[in-house]
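Asks: Could you build the full structure based on these sequences and the hints that come with them?
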Amino acid sequence: MAEALRSSDGERQPNPFIRFLWRRLAVGVVLAVVVSVVIFAATDLLPGDAAQAILGKTATPEAVEALRVQLGLDRPAVQRYGEWLGGIAQGDLGDSLSTRGPVTEAISGRVVNSLILAGLAALIMIPLSLAIGAYAGTRPGRPGDLVASGTSLVFIAVPEFVTAAFLILILAIGADLLPPVSIVAPGTSPLATPAILVLPVLTLLLASLAHNVRMVRAGVIETMHSPYVQMARLNGLSEREVVFRHGLRNALPPAVQVIALNLQWLIGGIVIVEFVFQYPGVGQLLTQAVALRDIPLVQALAILIAVLYIVINIVTDLLVVLLVPRLRTAGAS
Amino acid sequence: MSRARRAWRAFPPPARVGLVGLVAIVLVAILGPLFAPYPPATSVGPPFAPPSAEFLLGTDNIGQDVLSRVLSGGASVLILAGLATLLAYAIGIPLGLFAGYNRGLAGGIVMRGVDVLLAIPALLLLLVLATGAGAGATILVVGIALVHVPQITRIVRAATLQTTGRAFIEAAEARGDSTARILGVEILPNISGPLLADVGVRFTGSVLLVAAVNFLGLGVQPPAVDWALMISENRSGISIQPWAVVAPAALLAALAVAVNSVADGIARIYGRSSASGEEAPA
Numbered sequence: 187m188a189e190a191l192r193s194s195d196g197e198r199q200p201n202p203f204i205r206f207l208w209r210r211l212a213v214g215v216v217l218a219v220v221v222s223v224v225i226f227a228a229t230d231l232l233p234g235d236a237a238q239a240i241l242g243k244t245a246t247p248e249a250v251e252a253l254r255v256q257l258g259l260d261r262p263a264v265q266r267y268g269e270w271l272g273g274i275a276q277g278d279l280g281d282s283l284s285t286r287g288p289v290t291e292a293i294s295g296r297v298v299n300s301l302i303l304a305g306l307a308a309l310i311m312i313p314l315s316l317a318i319g320a321y322a323g324t325r326p327g328r329p330g331d332l333v334a335s336g337t338s339l340v341f342i343a344v345p346e347f348v349t350a351a352f353l354i355l356i357l358a359i360g361a362d363l364l365p366p367v368s369i370v371a372p373g374t375s376p377l378a379t380p381a382i383l384v385l386p387v388l389t390l391l392l393a394s395l396a397h398n399v400r401m402v403r404a405g406v407i408e409t410m411h412s413p414y415v416q417m418a419r420l421n422g423l424s425e426r427e428v429v430f431r432h433g434l435r436n437a438l439p440p441a442v443q444v445i446a447l448n449l450q451w452l453i454g455g456i457v458i459v460e461f462v463f464q465y466p467g468v469g470q471l472l473t474q475a476v477a478l479r480d481i482p483l484v485q486a487l488a489i490l491i492a493v494l495y496i497v498i499n500i501v502t503d504l505l506v507v508l509l510v511p512r513l514r515t516a517g518a519s
Numbered sequence: 007m008s009r010a011r012r013a014w015r016a017f018p019p020p021a022r023v024g025l026v027g028l029v030a031i032v033l034v035a036i037l038g039p040l041f042a043p044y045p046p047a048t049s050v051g052p053p054f055a056p057p058s059a060e061f062l063l064g065t066d067n068i069g070q071d072v073l074s075r076v077l078s079g080g081a082s083v084l085i086l087a088g089l090a091t092l093l094a095y096a097i098g099i100p101l102g103l104f105a106g107y108n109r110g111l112a113g114g115i116v117m118r119g120v121d122v123l124l125a126i127p128a129l130l131l132l133l134v135l136a137t138g139a140g141a142g143a144t145i146l147v148v149g150i151a152l153v154h155v156p157q158i159t160r161i162v163r164a165a166t167l168q169t170t171g172r173a174f175i176e177a178a179e180a181r182g183d184s185t186a187r188i189l190g191v192e193i194l195p196n197i198s199g200p201l202l203a204d205v206g207v208r209f210t211g212s213v214l215l216v217a218a219v220n221f222l223g224l225g226v227q228p229p230a231v232d233w234a235l236m237i238s239e240n241r242s243g244i245s246i247q248p249w250a251v252v253a254p255a256a257l258l259a260a261l262a263v264a265v266n267s268v269a270d271g272i273a274r275i276y277g278r279s280s281a282s283g284e285e286a287p288a
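Quick mapping for you: the protein sequence lines, in order, are chains B and S.
Okay, so the first sequence: first residue is 187 according to my numbering, each after it adds one.
Okay, so the second sequence: first residue is 7 according to my numbering, each after it adds one.
Certain hints may be false.
In silico negatives: residues of chain B with every beta carbon more than 10 Å from chain S [what the hints assert, rightly or not]:
| no. | residue |
| --- | --- |
| 1 | P202 |
| 2 | T285 |
| 3 | A308 |
| 4 | P372 |
| 5 | A477 |
| 6 | R479 |
One side only, chain B facing chain S, incomplete, derived with CB under 10 Å [said to hold, decoys possible]:
| no. | residue |
| --- | --- |
| 7 | L306 |
| 8 | L309 |
| 9 | V344 |
Please keep in mind that the hints were generated in silico from the structure rather than gathered at the bench.
What you are looking at is a predicted structure, and each value in this text was computed from that prediction instead of being measured.
Backbone N, C-alpha and C define an ideal beta-carbon position, used for all residues, glycine too.
Replies: Written out as structure tokens, the structure is:
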């Protein structure tokens, strides 16, 4: 409000939505830069030197010192951070300590693999959770709802690697239907052997689906009790029309936020799931890099994942504003 | 006693079942080691031996007794999750009180720091810290505490903001009480409701994160015995000796469901409708 008043001194008024978009983007960029500082500091400044970690405890002080110089660790942290950030801007993420090759090379194929996994999970999860959530939410307390809500309670609670272990036992070892691990030969696409994708996607799906169903259900129950839905009923609309035209439409904005939370959760879940199934994606690489204390590789993967996280946040905010007309015209401040 | 009974009555039925289950699991974790037939971290037989009279749940990847390890492996997740949650409150409460009471630049800086922490996925923060400091229990506890700090700070700040305008605070200010005294003696007791509603959710989150990082092999290190670590260690033998995975996995699943439903119950008692709906785990 205050801002709208201030900018009315003869200049042309930008569309409030566009202004919101710019402001949100600017905050995102600042956030990304600050997060990059945190990531750099956490991997680089804490006690425990990369050179010492690479050479092990038995290394002579001279050898450690030599490697520190070679890795550039003897220079001030601020200078190294500047170079690192400059490198990122030019698409150069440095060299991996474990593969000795450029980080970009180690990452590129794996990004595609992870996107395939996350994309498939999201593609199934979003419509399915809306459908099940709406189904359960329009008949609270009835048997169909109790089954959906009860099952989702269990899958929300149980860690995904425990779910994965039981899925492997039942579907891969017991029934021998699917491969227990999802190893992909280097240079080939996981899409060439779809069977290996089933268990990882299923594991991701069970946890995130449960969470979404619960939230969509709560949203639908709330809107179905709202005055305008009662009004629509009194106007003699069919229950079907009431649910689809009025109930679901208004339950959507909160559902978008939940789905976004889940996309962010997928980022964490994918690290675990890729590790469980030995699937060659970004998450598995990150786990390996942390275990080997391959600092340049961890930094690159971390900034990649963090930026993705921030982008999902921004897109969600924009979607919610677009879905709620009231926010759209109010400039969403 | 009557207070405990009232709390029990206020608990929804699933939370009561969860509480009973949680008490049972905690007892197993504490008393289990006393009943372990073998030392839990010593090879006593061939690797991946199936269950037998000698080894009731078989042996694991390096010939350690699975039953003894299951009985000994519950304490670490409970202790680490408990410590992380306590540390989170120890950091988050003062920060939140400060940011709620000081509405100037300093309070603003605290809240911007909170925004930054919120922008980093939990598991990623833990992995980045493990890279810098080396995998281990200490950095795991500190990292999980940092994951919770933003939410706790926000809750405390919001509650503090609602309290600061009230008459007894103004009276304390007029008396010339120190800021620390006002925050600790006047405000803190009055914001315990929203804080307590949230405790179960925080602890549940801690349990899941401890388990996840231990499973990835980046938390507690062998010879430490831990349910999540056991699942990870024995994955390769899951087709020969499934019990080495099933036993710790079942207990971890039971623990997760129990703490989750208790968290729900606690949140309901302190007046919030849903606990686990608030944020996605990990």
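Asks: Compare the structure with each hint and give your call.
Replies: Now the hints, each set against the structure:
no.: 1; hint: P202; result: holds (23 Å)
no.: 2; hint: T285; result: holds (16 Å)
no.: 3; hint: A308; result: holds (13 Å)
no.: 4; hint: P372; result: holds (21 Å)
no.: 5; hint: A477; result: violated (6 Å)
no.: 6; hint: R479; result: violated (6 Å)
no.: 7; hint: L306; result: violated (19 Å)
no.: 8; hint: L309; result: violated (18 Å)
no.: 9; hint: V344; result: holds (5 Å)
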